[in-house]
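Taken in sequence, the protein lines are chains D, G, S, H, U and E. Position 159 of the first sequence, counted from 1, bears residue number 159 in UniProt numbering, the numbering being contiguous throughout. Position 197 of the second sequence, counted from 1, bears residue number 197 in UniProt numbering, the numbering being contiguous throughout. Position 213 of the third sequence, counted from 1, bears residue number 213 in UniProt numbering, the numbering being contiguous throughout. Position 180 of the fourth sequence, counted from 1, bears residue number 180 in UniProt numbering, the numbering being contiguous throughout. Position 174 of the fifth sequence, counted from 1, bears residue number 174 in UniProt numbering, the numbering being contiguous throughout. Position 171 of the sixth sequence, counted from 1, bears residue number 171 in UniProt numbering, the numbering being contiguous throughout.
Heads up, a few of these hints could be off.
Identical copies look the same in the list; a pair holds intra-copy or inter-copy alike.
[As the list claims (entries may be wrong)] Heads up, simulated PhoX-like pairs for lysine-lysine below, C-alpha to C-alpha not over 25 Å straight-line:
#1 LYS311 <-> LYS84
#2 LYS59 <-> LYS244
#3 LYS244 <-> LYS317
#4 LYS80 <-> LYS284
#5 LYS244 <-> LYS217
#6 LYS284 <-> LYS143
#7 LYS244 <-> LYS284
#8 LYS217 <-> LYS59
#9 LYS317 <-> LYS217
#10 LYS244 <-> LYS311
#11 LYS284 <-> LYS50
#12 LYS311 <-> LYS217
#13 LYS25 <-> LYS217
Don't read these hints as lab results, they were simulated from the structure. Note that the structure is predicted; figures quoted are calculated from it, not measured.
There are 6 protein chains.
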Amino acid sequence: MTQINQLRNQDEFVGFYLLKELEVKQTNANPPKDYLDIVLCDATGEMPAKFWDASSTDKETFFPMGLVKVRGIVQTYREKLQVKIMQIRPANPEDGVRLTDFIRSAPISSEALIHTIQGVINDIADEEIQAIVRYCVGKVEEKLAHYPAAKTHHHAYFGGLAYHMVRMLEIGDFLCGQRLFLNRDLLKAGIILHDIAKPEEMVAELGIVSEYSTPGKLLGHISMSSQWITEAAIRLGIALDSPKVLGLQHLVLSHHNLGEWGSPVQPQTPEAVALHHIDALDAKLQMVEDALATTPESEAWTPLIRGLENKGIYRLKW
Amino acid sequence: MTQINQLRNQDEFVGFYLLKELEVKQTNANPPKDYLDIVLCDATGEMPAKFWDASSTDKETFFPMGLVKVRGIVQTYREKLQVKIMQIRPANPEDGVRLTDFIRSAPISSEALIHTIQGVINDIADEEIQAIVRYCVGKVEEKLAHYPAAKTHHHAYFGGLAYHMVRMLEIGDFLCGQRLFLNRDLLKAGIILHDIAKPEEMVAELGIVSEYSTPGKLLGHISMSSQWITEAAIRLGIALDSPKVLGLQHLVLSHHNLGEWGSPVQPQTPEAVALHHIDALDAKLQMVEDALATTPESEAWTPLIRGLENKGIYRLKW
Amino acid sequence: MTQINQLRNQDEFVGFYLLKELEVKQTNANPPKDYLDIVLCDATGEMPAKFWDASSTDKETFFPMGLVKVRGIVQTYREKLQVKIMQIRPANPEDGVRLTDFIRSAPISSEALIHTIQGVINDIADEEIQAIVRYCVGKVEEKLAHYPAAKTHHHAYFGGLAYHMVRMLEIGDFLCGQRLFLNRDLLKAGIILHDIAKPEEMVAELGIVSEYSTPGKLLGHISMSSQWITEAAIRLGIALDSPKVLGLQHLVLSHHNLGEWGSPVQPQTPEAVALHHIDALDAKLQMVEDALATTPESEAWTPLIRGLENKGIYRLKW
Amino acid sequence: MTQINQLRNQDEFVGFYLLKELEVKQTNANPPKDYLDIVLCDATGEMPAKFWDASSTDKETFFPMGLVKVRGIVQTYREKLQVKIMQIRPANPEDGVRLTDFIRSAPISSEALIHTIQGVINDIADEEIQAIVRYCVGKVEEKLAHYPAAKTHHHAYFGGLAYHMVRMLEIGDFLCGQRLFLNRDLLKAGIILHDIAKPEEMVAELGIVSEYSTPGKLLGHISMSSQWITEAAIRLGIALDSPKVLGLQHLVLSHHNLGEWGSPVQPQTPEAVALHHIDALDAKLQMVEDALATTPESEAWTPLIRGLENKGIYRLKW
Amino acid sequence: MTQINQLRNQDEFVGFYLLKELEVKQTNANPPKDYLDIVLCDATGEMPAKFWDASSTDKETFFPMGLVKVRGIVQTYREKLQVKIMQIRPANPEDGVRLTDFIRSAPISSEALIHTIQGVINDIADEEIQAIVRYCVGKVEEKLAHYPAAKTHHHAYFGGLAYHMVRMLEIGDFLCGQRLFLNRDLLKAGIILHDIAKPEEMVAELGIVSEYSTPGKLLGHISMSSQWITEAAIRLGIALDSPKVLGLQHLVLSHHNLGEWGSPVQPQTPEAVALHHIDALDAKLQMVEDALATTPESEAWTPLIRGLENKGIYRLKW
Amino acid sequence: MTQINQLRNQDEFVGFYLLKELEVKQTNANPPKDYLDIVLCDATGEMPAKFWDASSTDKETFFPMGLVKVRGIVQTYREKLQVKIMQIRPANPEDGVRLTDFIRSAPISSEALIHTIQGVINDIADEEIQAIVRYCVGKVEEKLAHYPAAKTHHHAYFGGLAYHMVRMLEIGDFLCGQRLFLNRDLLKAGIILHDIAKPEEMVAELGIVSEYSTPGKLLGHISMSSQWITEAAIRLGIALDSPKVLGLQHLVLSHHNLGEWGSPVQPQTPEAVALHHIDALDAKLQMVEDALATTPESEAWTPLIRGLENKGIYRLKW
């Protein structure tokens with residue numbers, strides 16, 4: 001099987017791919033003919049493709065996010081590579097291919113990420129804080145194994161949210177050693193809870209966000225996460241006005257730092273100040289890493305990155 | 001008894017007043033002497049006062065927010081009137097004076113305001129919405145009778161919060177008649193709930209806010225109000241993801257309209273759009289009304305008002 | 001005749017429509033052929049249409065904003081409905097169709113709106129204010145019966161400007177009853193005059209603004225409206241520095257509230273504060289109403305609305 | 001007579017000065033005594049002064065903006081010079097002193113400035129433009145001889161407004177020679193008219209603005225100037241919709257460039273673009289010149305200047 | 001030879017032109033055919049062109065920024081003129097045509113501009129300032145003869161940077177006569193140096209900027225220009241902390257006035273304040289001039305201009 | 001000796017202190033008497049003090065930043081402690097007290113900080129980068145041992161700048177282990193160089209900044225640091241356009257991230273993105289740590305902190 005980032009002009013090839021996008025279009029002929037305008041992808045990248053003269057059956061057979069077997073030829077169109085599809089059929093069980101092999105995902109396996117997060121939760125010394133964190137994580141346990149952290153902004157891939165948490169937990173652990181006034185339990189809990197409602201804010205499949213949910217639009221993940229803490233405290237019989245509940249809610253509510261970035265209050269505990277900056281540091285460095293990883297080594301500049309003041313990143317070499 | 005807004009230069013007078021502010025200060029003499037630097041107020045206004053040569057007993061007898069009987073003389077100091085206190089003593093039960101007679105308050109009695117609000121709640125047709133509103137109002141029932149709506153911004157007096165609600169309910173009622181797409185139950189509930197946690201966000205006595213509470217600073221009244229709805233739903237057995245709970249929380253969360261004004265989400269239901277604008281309209285008109293009421297008729301311009309783009313209001317006359 | 005919002009895929013139909021937009025385009029064939037790229041509309045909505053193989057005569061026969069009779073068939077193109085036109089001819093007098101039946105318009109007839117506005121003017125008690133309002137309205141009397149209030153922002157349809165006035169007058173009347181410090185004559189006059197020069201700022205036909213006029217661009221409707229008051233006062237012999245003239249000009253100049261929204265001064269009279277907020281309230285609620293009305297009942301969310309922080313409106317249902 | 005910028009510590013002196021500011025204050029003694037807290041000024045600068053033990057007669061004799069004869073001694077108070085007044089009396093006709101000798105004023109005489117402006121008006125070739133300019137200047141002719149251009153921002157002294165005009169006319173004249181697409185009549189007229197209503201916007205005496213007038217606050221000088229053009233056109237029988245009237249009004253309305261700086265429209269004619277930048281260039285350079293002139297030569301840095309991004313100006317020397 | 005701004009529909013013509021843009025595209029036919037999508041230009045304007053059925057040889061023969069001889073016919077496509085190319089070949093030495101005759105350029109010849117700038121440098125009285133200026137100009141001497149001042153913003157054509165300098169020097173010279181506190185040497189030097197590194201910040205050919213260089217993106221022309229002064233001082237043995245070096249660097253660093261416009265410090269010397277405003281005045285007036293020059297006389301409004309608050313310029317006529 | 005943070009009301013005490021601030025003032029008596037208005041400090045805090053009836057000799061004996069021996073009594077004035085000084089004399093060599101014992105300083109000794117920084121420099125593998133860093137550090141070697149990092153914002157004490165560097169180096173080292181795409185040499189160098197010119201931007205003694213230097217105001221530490229790199233490269237014979245020089249300058253120029261925060265370019269290399277966020281993280285956490293350390297344990301809230309959105313920090317306890 002040929003990986004997408006290894007296809008070259010004029011290659012003829014056969015392989016399995018994911019139909020990341022699919023649209024039925026018409027040629028400009030009179031009368032117009034239908035064809036399938038497709039984006040094929042695997043874990044190494046993606047490439048546009050055309051399947052000309054699509055039949056009525058074809059239009060009902062293929063759908064976005066499905067796996068397919070393709071025979072095609074690579075051509076150059078407007079200075080970019082694209083595939084002319086000669087044959088295409090849906091993958092079937094006998095093919096033995098798995099969706100998750102064809103999508104971009106965090107560099108660490110979901111299982112390992114979840115295992116790390118569960119380990120950190122087990123290490124939280126305060127039992128009430130631990131119970132609240134466990135309750136909230138429990139609400140999205142299944143989704144946490146695969147959700148991205150955002151639609152496009154950063155960590156936008158399979159397992160991205162858990163990966164973001166794990167990296168932040170590492171930085172938080174280091175800072176707690178460097179700055180003794182930080183409460184380790186609170187900071188751990190804040191890192192795990194700060195985006196915990198994102199899997200309910202966004203609708204995602206295989207690490208790709210298709211849209212925001214209605215509660216996501218009407219409440220936002222910050223208020224949702226904060227309300228899960230309220231719910232946890234009530235269900236667990238912890239006083240709503242206890243300092244621990246207050247502290248956890250404040251961490252979640254303030255982690256975007258400013259009102260115009262979505263936080264109704266600004267960080268006012270040591271851990272809340274730390275949380276915001278750990279979040280920013282990890283997200284921005286991940287944007288850099290992802291841009292470098294998806295830009296060919298031969299390119300000195302990555303494309304412009306919205307979250308980095310709309311600048312590209314330069315590979316300094318000597 | 002002489003009301004403060006009727007005192008004139010050189011008047012000698014006797015009367016009961018509220019010690020709104022009191023600080024022990026020293027004269028610049030060597031050695032310095034102690035005196036009491038005071039603000040006297042009643043329901044018609046306030047005036048600075050000095051009590052020279054305060055004894056040790058005096059310093060322990062008087063405290064802010066206490067009622068006193070004063071014999072004094074009015075003088076002019078730097079073009080403003082101030083009182084030189086000749087005699088002062090605390091009021092006692094036999095004097096028959098009540099604190100609430102000496103403070104600025106809404107033009108409608110607390111009892112009438114609460115009665116109106118309860119009537120509106122009773123008229124909410126949807127039983128679940130009604131129960132949630134009743135639960136949240138129940139958490140601050142006693143305070144709702146006297147809390148101001150803000151520290152200084154608008155409706156900053158005894159009963160101000162309830163008065164703001166009642167006026168907004170009137171406007172909301174009118175608009176529901178004019179615009180049939182508005183859901184009357186939701187809009188009523190939104191008006192009553194939008195600032196419902198303010199009595200826990202601020203510490204106030206007699207309509208005067210002294211400071212923000214710790215939960216007020218760490219969470220803010222918007223998130224607190226929203227979480228009360230969560231709490232109400234859980235206690236009442238209403239599903240947290242039901243459209244009614246979602247709709248009420250959205251009303252509360254979005255009513256400041258923009259992130260920089262404290263709302264984590266923007267209005268996205270018809271009632272939420274209406275709520276924000278009714279709130280703004282009533283608050284701004286009340287600022288105008290209060291500025292006009294507390295500025296002498298003889299002045300063409302009121303002082304500058306922060307909430308009105310820091311402009312004064314002009315009395316146009318012909 | 002079939003209304004546009006009732007056409008379904010594969011329908012064959014005959015009907016009268018308005019050519020809202022029309023452009024001659026070429027196919028990509030070599031040599032290219034001309035066809036007409038059209039938007040058909042009636043009072044219920046609009047739909048794209050193509051008339052292939054347009055002759056030279058066709059290209060000279062049809063023009064935007066003309067009424068036509070069409071025989072066509074509905075097809076699906078890129079998941080949206082569009083009309084393939086089989087036959088098309090201009091409407092003629094015998095057809096008995098009127099342009100105004102084919103355009104979107106305010107829910108109240110122009111005649112009724114104008115009648116209401118004239119009634120309010122007649123009720124203005126102050127004769128000088130009344131005369132100035134009458135003079136300014138007189139300058140655009142004919143256009144007031146059909147002009148929209150804006151190009152796209154809100155009330156962008158036939159009679160929209162008069163409709164906006166009438167609704168605002170209702171709210172203003174209610175508020176004058178609720179807040180006795182508001183001068184009813186001034187507020188009425190301010191509502192009628194605040195956008196009175198819009199018909200000279202914009203070039204519109206049938207409620208559709210095609211562009212801004214040169215005076216509209218160089219002066220703007222705020223300054224133009226204010227100068228009409230100057231003109232009225234001079235023509236009517238009212239002193240330019242009288243408080244009434246000053247008050248009316250201030251209402252007009254300040255009604256956008258902030259410099260960045262186009263107002264050179266901020267509201268500094270009670271009526272000016274009220275006017276700005278009534279204007280905002282009515283415009284925003286109308287955006288909600290219009291978005292709901294033009295979005296199919298089956299859609300939970302309306303499209304994004306620029307004037308509402310670029311958010312959609314959600315239909316809460318239970 | 002000793003000029004204020006030449007007084008040194010311990011000097012005993014006699015001289016005439018202007019009472020720029022005067023307030024009756026009380027000492028902290030018990031009972032307090034009255035004294036006069038004064039700012040003395042002449043054309044070279046100003047200095048605080050105290051007149052202890054003021055009698056009742058004194059308090060009625062002296063008033064701000066009056067000329068006085070003073071015998072005093074210079075002392076140092078908190079590292080700054082101040083005058084202890086030994087004797088003080090009002091100036092009288094026999095003293096032969098003139099107010100205008102004691103105030104800061106433009107470096108060119110009012111008469112010369114007005115003469116230059118009238119000469120430029122006479123040179124305007126277009127008779128209608130000339131007539132409109134003449135009409136508007138006629139409304140403030142007397143005040144133009146002495147008004148400042150602003151309260152504190154720039155050119156805040158006797159004759160400052162006319163001086164600003166003359167300097168701008170020089171720059172405009174140069175640019176018309178350099179850029180032939182500029183209409184010399186329009187640019188001249190725009191420069192003269194852009195701030196022409198300032199003498200009605202502000203209340204000033206001897207080049208010192210005490211406050212803004214009511215029309216100044218409610219309309220602003222930009223709208224007032226624009227409306228004078230309307231008035232001129234009507235009185236002179238020039239069509240209000242003629243391109244000349246439109247062009248002049250646009251120059252005035254747009255000269256602050258942005259809405260947040262007070263202009264309801266942005267510059268859209270060549271002369272309007274030029275006018276805004278000539279105005280900015282002249283105002284900023286004058287702020288520099290005035291700061292350098294009023295800062296002792298021995299100081300390397302002037303005080304901070306609000307209009308120059310709140311920075312000081314540095315005297316670079318080698 | 002026919003100039004581009006004189007071509008009319010249906011003209012058949014032969015002439016030399018510059019291939020300003022060239023892209024190989026495919027028709028929508030199946031299989032698609034290659035054609036050349038071209039923009040032809042000369043000094044009077046530009047026009048799109050198509051060369052159908054391009055051969056493999058054609059695709060290797062033509063390239064952007066090359067001169068060609070074309071035989072073509074003018075057609076109308078979507079209401080705009082475009083050329084159908086019948087024959088095309090590259091220009092060759094015997095044709096005697098020069099690239100510089102086909103591009104837009106400053107209204108004064110490069111030679112004259114450079115001569116003027118060199119003359120100004122020779123007139124700088126201070127030898128150290130003169131030497132620094134000469135050193136920096138020496139680094140880009142060849143490029144200064146043809147570089148534009150910007151990619152699209154203003155003076156975006158052959159010789160634009162030098163032309164901008166010369167016009168600014170004229171204004172600076174005038175202001176030094178009007179305002180005697182300005183140091184003529186410093187202001188001249190600041191004008192010449194303020195954009196001196198732009199030829200290294202941008203990659204341009206024939207006055208057309210194709211992209212920013214890597215140092216241009218990583219440092220920006222302001223920091224680069226400032227560092228050239230450092231380099232000059234070291235090479236010339238002038239103390240880095242001397243007031244002249246400090247003054248020149250400050251002029252360069254502050255000339256964009258605000259941080260958000262790219263200046264790390266704000267103007268704090270008289271010449272720096274002047275430099276910023278001369279730069280703004282000249283750039284804005286040039287935008288006006290260029291917009292008027294490239295808009296047909298028959299159009300009342302120019303297209304919108306980003307640097308002028310995104311407004312068009314109106315040709316007032318009477 | 002009694003430390004300042006242990007003095008209580010009515011304590012009589014004798015001790016050595018630093019005169020952090022000293023001003024000669026006058027009482028309001030007539031005639032006024034001189035007294036010394038003083039701020040005493042030691043390493044644990046500071047307290048206001050008064051020395052009444054100062055003689056002429058006293059006024060010439062004491063000066064700010066001098067050490068003194070004081071006998072005094074603690075009193076309460078306006079609810080705050082202040083010292084009434086009974087006796088005061090300057091410290092003399094025999095007293096054996098050292099200035100550095102009386103000032104606030106970093107929690108790690110200067111010697112240790114400098115030793116750490118030098119160790120990091122020695123570990124830079126790239127010789128050219130190492131040489132440039134060494135050159136720049138060499139320019140401020142003596143000052144680096146004691147300079148603060150800012151006037152008030154953060155690390156505003158003895159050794160604060162070096163302490164900030166060392167903590168950032170620790171974080172940077174951790175991140176290089178976590179994110180392998182970061183170049184360790186560049187990041188180390190960027191951390192050491194990013195504020196390296198601050199000791200020349202500010203005038204400081206004993207960790208207290210009194211003002212900004214003239215080069216500090218005219219160039220700013222960002223441009224100064226960048227130019228030191230230029231200077232280093234020239235002196236060391238390293239090409240100015242080499243990628244290493246470019247990379248180091250970019251790190252320095254971009255580390256404030258945005259133009260409005262003083263950076264003329266935005267971060268565009270991986271290390272530049274990291275540097276900005278490490279700087280922000282360390283500065284903000286240090287503000288928290290310093291606020292907690294200087295607020296009595298008994299206070300739940302610290303004072304408001306400008307750099308933390310003007311919020312206080314809350315001590316959450318349970």
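Q. Is it within, between, both or neither when you check LYS244 against LYS311 at 25 Å Cα-Cα?
A. Between copies only: 20 Å across chains, 41 Å inside a chain, cut-off 25 Å.
Q: Measure nothing new, just compare the shortest in-copy and cross-copy C-alpha distances for LYS311 and LYS84 to 25 Å and report within, between, both or neither.
A: neither (33 Å within a copy, 39 Å between copies)
(Q) Please sort LYS25 with LYS217 into within, between, both or neither, judging by C-alpha distance up to 25 Å. (A) neither (31 Å within a copy, 40 Å between copies)
Q: Please work out whether the CA atoms of LYS217 and LYS59 approach to 25 Å or closer within one copy, between two copies, in both situations, or in neither?
A: neither (33 Å within a copy, 47 Å between copies)
Q.
With identical chains, the pair LYS284 and LYS143 could be close in the same copy or across copies; at 25 Å between alpha carbons, which is it: within, between, both, or neither?
A. within (24 Å within a copy, 34 Å between copies)
**Q.** Alpha-carbon proximity between LYS244 and LYS284, which holds within one copy, between copies, both or neither at 25 Å
**A.** So LYS244 and LYS284 pass the 25 Å test across copies only (23 Å; inside, 30 Å).
Q. Given identical chains, is LYS284 near LYS50, meaning Cα to Cα at most 25 Å, within a copy, between copies, both, or neither?
A. neither (35 Å within a copy, 45 Å between copies)
Q: Have a look at LYS59 and LYS244 and pick one of within, between, both or neither, based on CA distance no larger than 25 Å.
A: Classified as neither: same-chain Cα gap 56 Å, cross-chain 40 Å, threshold 25 Å.
Q. What label fits LYS244 with LYS217 when the C-alpha limit is 25 Å: within, between, both, or neither?
A. This pair counts as between: shortest inter-copy Cα distance 15 Å, intra-copy 28 Å.
Q: Evaluate LYS317 and LYS217 at a C-alpha cut-off of 25 Å and name the case that applies: within, between, both or neither.
A: between (44 Å within a copy, 16 Å between copies)
Q.
For LYS244 and LYS317, with the copy left unspecified, which applies at a CA distance of at most 25 Å: within, between, both, or neither?
A. between (49 Å within a copy, 8 Å between copies)
Q.
With identical chains, the pair LYS80 and LYS284 could be close in the same copy or across copies; at 25 Å between alpha carbons, which is it: within, between, both, or neither?
A. Answer is neither: 29 Å inside a copy and 39 Å across each miss the 25 Å cutoff.
The structure fails hints 1, 2, 4, 8, 11, 13 (numbered hints given earlier, in ascending order).
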